[in-house]
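Listed below, chain by chain, are the residues.
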Amino acid sequence: MSKLNCTEFDFLSNIAFRLEGGENLERAFFLTEGVPEDILARLQLGEELTDIVSSIDFKYPALTNLFTSIDNADETDILERLMITSKLIRIREETLKEKETTLKVHRRRIKIIRFVTLVVIALIAGFSPIFSNLYEFINTGEFTTSLSILSYLSVSFLLINLLNNYYLLKMSNEKSIKIRLIIVIVLHVVIVIGVRFFLVGVIPF
Amino acid sequence: MGTGLTKKTTRSRIMDVSIIPKKILYRAVLGKIRNSSRFFILEKDYTSIRVIGNLTLIVLIVIAIITYFITQLNIILALVISAISSIAFLIVFGDYIRSKILERHQKFDESAFIIINSLSINMTSTQSFPYSIELLLSKSGIDEDYKKYFQEMIYNFNLGVDEDEIIQESGKIFQTKKYENAFQNIKTENSFIDSDPDFLLRVRNGIKLIEDNIVIFIAISCLLPLVLSMVLSFLLPSDSLTIFVFPLLYAIFGTLVLRFMQNRESCD
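Sequence lines, in order, name chains C and B. Anchor point for the first sequence: position 13 equals 13 in the numbering used here, and the numbering is continuous, going up by one each time. Remember, the numbering used here sits 1000 above the position in the second sequence when you count from 1.
It is worth saying that the hints were derived from the structure and are not from the lab. A few of these clues could be false.
[To be verified] Cut-off 25 Å, straight-line C-alpha distance, at most; resulting in silico cross-link-like pairs (SDA-like, lysine to any residue): (1) C:K87 <-> C:G34; (2) B:K1107 <-> B:F1039; (3) B:K1107 <-> C:R107; (4) C:K111 <-> B:F1260; (5) C:K3 <-> C:E26; (6) C:K97 <-> B:E1211; (7) C:K170 <-> B:L1228; (8) C:K178 <-> B:D1198; (9) B:K1107 <-> C:E26; (10) C:K175 <-> B:I1218; (11) C:K111 <-> B:E1211; (12) C:K178 <-> B:I1101; (13) C:K99 <-> B:I1252; (14) C:K170 <-> B:Y1026; (15) B:K1107 <-> B:D1198; (16) C:K111 <-> B:F1039; (17) C:K175 <-> B:F1260; (18) B:K1172 <-> B:N1156; (19) C:K170 <-> B:E1103; (20) B:K1172 <-> B:V1257; (21) C:K178 <-> B:Y1046; (22) C:K99 <-> B:R1259; (23) C:K175 <-> B:L1228; (24) B:K1100 <-> B:V1161.
Start from the sequences, fold in the hints, and give me the full structure.
Put into structure tokens, the structure is as follows:
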């Protein structure tokens, strides 16, 4: 499978433009920039366009069919329909591109928020031994002097951090969520251990 | 060979068993999309849902037993924690499958008009509906996920089902009424889709919805975990299992909010 050297939107608008100019589909392929070299070479060798089109890796798989449909009758009516469809795809691609750009801005915002909340929750989790000491102090009047990071509280903080990241990742339609969540776990544990070392150094027991 | 087959059937039989009644389980996990995306729910999705449903009960029992002993035989606390965690398990993992189905449906919707237009072009040149569908399938123009749906049309046709009936029934896969009508009128000239304002409107609405939702969600996702975890850590001892109730409730609440947003997005 060979990929186009340009975006699908550029390719289709070029093809539509050539077809509008009265060229046939083969000529339109030759005149359009971005068609892979090997596809053009196969066209030159005299292979059928319909066979060649199936080996182009389109984002919309149904596009292959659109081009191959023309094989069965090369009436002007069909060419016109092909052109209209290309135009429709062009408008769609433009709208989807607009959507992507809007989402990109939000994605960047969400990314910043994700990292800030990740670090803050991990920091709170790191300081959680102090909270439990304070709780003991309020209840019994003395500190327990335990700085263990292995408590239910710190596990629940890890869960909260994971969930928070999962929701924000889903919200911004990110891919490979599982790998990103593993990175979150690693970062969380590193920050918690780092804070513990800091606490051991600061609090004299 | 024989043992292999038996093994396979035993395995599939085990996968087929659902301790929770299937109707309730599917309704709980899939919700509204059970009707709106019914053509995109594959057999393997149902299997995963059944597995998740069975695992939910195992999670319920195991966590109930563990917390019962950890909380020094406090049966009410053990039941509450295990119930919340099993519901969270069901909802979070169920939502994962649900969003996969929605993604599949969305992908189809985006290229639906190309499928109809291709069919329409095929119809003009071949004048035969089954042959047009065969042409559609022959050049890898269709995704594997819903290829079966179109293959079934040819299969039904070969079985002798009335062609018009097949066309009427099969059009239901298209969510937009316009596409459905276009498919059902595929034999006539006017089935060709030459303008598509619905799609543009839907995308614009989708963008607006995401923009609105992001503000709400950020508020929820920043405030809830941060403020409440701080407060709770002061209120509860760090070795109390009650602490787990909070992240689990957050899991249920967060997923439900996400699901609500998805519902609105797919229904608009």
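Consistency of the hints with the structure:
1. C:K87 <-> C:G34: The given pair, whose Cα atoms are some 18 Å apart, holds under the 25 Å limit.
2. B:K1107 <-> B:F1039: Holds - the C-alpha atoms of F1039 of chain B and K1107 of chain B are around 13 Å apart, at most 25 Å.
3. B:K1107 <-> C:R107: Holds. K1107 of chain B to R107 of chain C sits at ~21 Å (cutoff 25 Å).
4. C:K111 <-> B:F1260: holds (22 Å)
5. C:K3 <-> C:E26: holds (18 Å)
6. C:K97 <-> B:E1211: holds (16 Å)
7. C:K170 <-> B:L1228: This hinted pair holds, its Cα atoms lying about 22 Å apart.
8. C:K178 <-> B:D1198: violated (35 Å)
9. B:K1107 <-> C:E26: Violated: K1107 of chain B and E26 of chain C sit about 29 Å apart, past 25 Å.
10. C:K175 <-> B:I1218: Distance of about 19 Å is within 25 Å: holds.
11. C:K111 <-> B:E1211: Given pair K111 of chain C, E1211 of chain B holds - Cα atoms ~15 Å apart, limit 25 Å.
12. C:K178 <-> B:I1101: holds (18 Å)
13. C:K99 <-> B:I1252: violated (29 Å)
14. C:K170 <-> B:Y1026: The given pair, whose Cα atoms are some 22 Å apart, holds under the 25 Å limit.
15. B:K1107 <-> B:D1198: The given pair, whose Cα atoms are some 16 Å apart, holds under the 25 Å limit.
16. C:K111 <-> B:F1039: Status violated; Cα separation ~35 Å.
17. C:K175 <-> B:F1260: holds (21 Å)
18. B:K1172 <-> B:N1156: holds (16 Å)
19. C:K170 <-> B:E1103: holds (12 Å)
20. B:K1172 <-> B:V1257: Status violated; Cα separation ~29 Å.
21. C:K178 <-> B:Y1046: holds (22 Å)
22. C:K99 <-> B:R1259: Given that 25 Å is the threshold and the Cα spacing comes to 21 Å, the pair holds.
23. C:K175 <-> B:L1228: violated (29 Å)
24. B:K1100 <-> B:V1161: violated (33 Å)
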